[in-house]
Structure formats: structure tokens, C-alpha cells
Amino acid sequence: MEVPAMSNTYQKRKASKEYGLYNKCKKLNDDELFRLLDDRNSLKRISSARVLQLRGGQDVVRLAIEFCTDKNYIRRDIGAFILGQI
1 MEVPAMSNTY QKRKASKEYG LYNKCKKLND DELFRLLDDR NSLKRISSAR
51 VLQLRGGQDV VRLAIEFCTD KNYIRRDIGA FILGQI
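Taking my numbering, the leading residue of the sequence shown gets 1, the next gets one more, and so forth.
Keep in mind that the hints were calculated from the coordinates and are not lab data.
Ideal Cβ positions, reconstructed from N, Cα and C, are used throughout, including at glycine.
One thing to keep in mind: the hints can contain errors.
[Said to hold, decoys possible] Restraint-style ranges between C-beta atoms, simulated for each label pair:
1) ASP70 x ASN29: 28 to 36 Å
2) GLU18 x ASP38: 27 to 35 Å
3) LEU28 x TYR73: 37 to 45 Å
[Said to hold, decoys possible] In silico DSSO-like cross-links for lysine-lysine, where the CA-CA straight-line distance does not exceed 27 Å:
4) LYS24 x LYS14
5) LYS17 x LYS44
6) LYS44 x LYS12
7) LYS17 x LYS27
8) LYS44 x LYS24
9) LYS44 x LYS14
10) LYS24 x LYS12
11) LYS71 x LYS27
12) LYS27 x LYS12
13) LYS27 x LYS14
14) LYS26 x LYS44
15) LYS12 x LYS26
16) LYS14 x LYS26
17) LYS44 x LYS27
My request is simple: use the sequences and hints to build the entire structure.
Okay, here's the thing in C-alpha cells:
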């Protein structure tokens, strides 16, 4: 079954946005990335989490563990994502 063109265009646009945000996040320091983990924009959250999990380090692991026990399900999701990638 062929994927409709609109869906394909949407996916390309989304992938382009994600890649652009990821490249912007690579230039930020850890503190700026930590703040982005609580951003309302889910693409910003996941892009900053990707950069942090690639950088690794004790602070990142400590924060991810802390997020995994948070009451907020979004923070738990981000914490699990980071730990799952390390």
C-alpha cells in the first residue's frame, strides 16, 4: 500500500525540524539543555535529551534518574529515554 503524499511531506518536514533542533542543541551547554528538558515543545525536549545522552556523564545520569522518579509523566519519559540510550 502506497503512503499518501501528504503524509510523506509531513514526515519530511518533521524530520527536518528535528534535525535542525538537534544541531542547535549540540551548540548549547549542559545547563541550557537541562532547562530545555522542561520546554513545552516536545521536539525541543527530545532534541536536548538526545544531545545529553550522547554527551553522557554523571550529571546527565543523575538528572535522568531523578526524572524517572518525578510525578510528571513527561519527565519520567525523558528520564527513561536518556537512560535507555546510554
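State the violated hints by number, sorted upward, taking the hints as numbered earlier in the document. Of the numbered hints, 1, 2, 3 and 11 do not hold.
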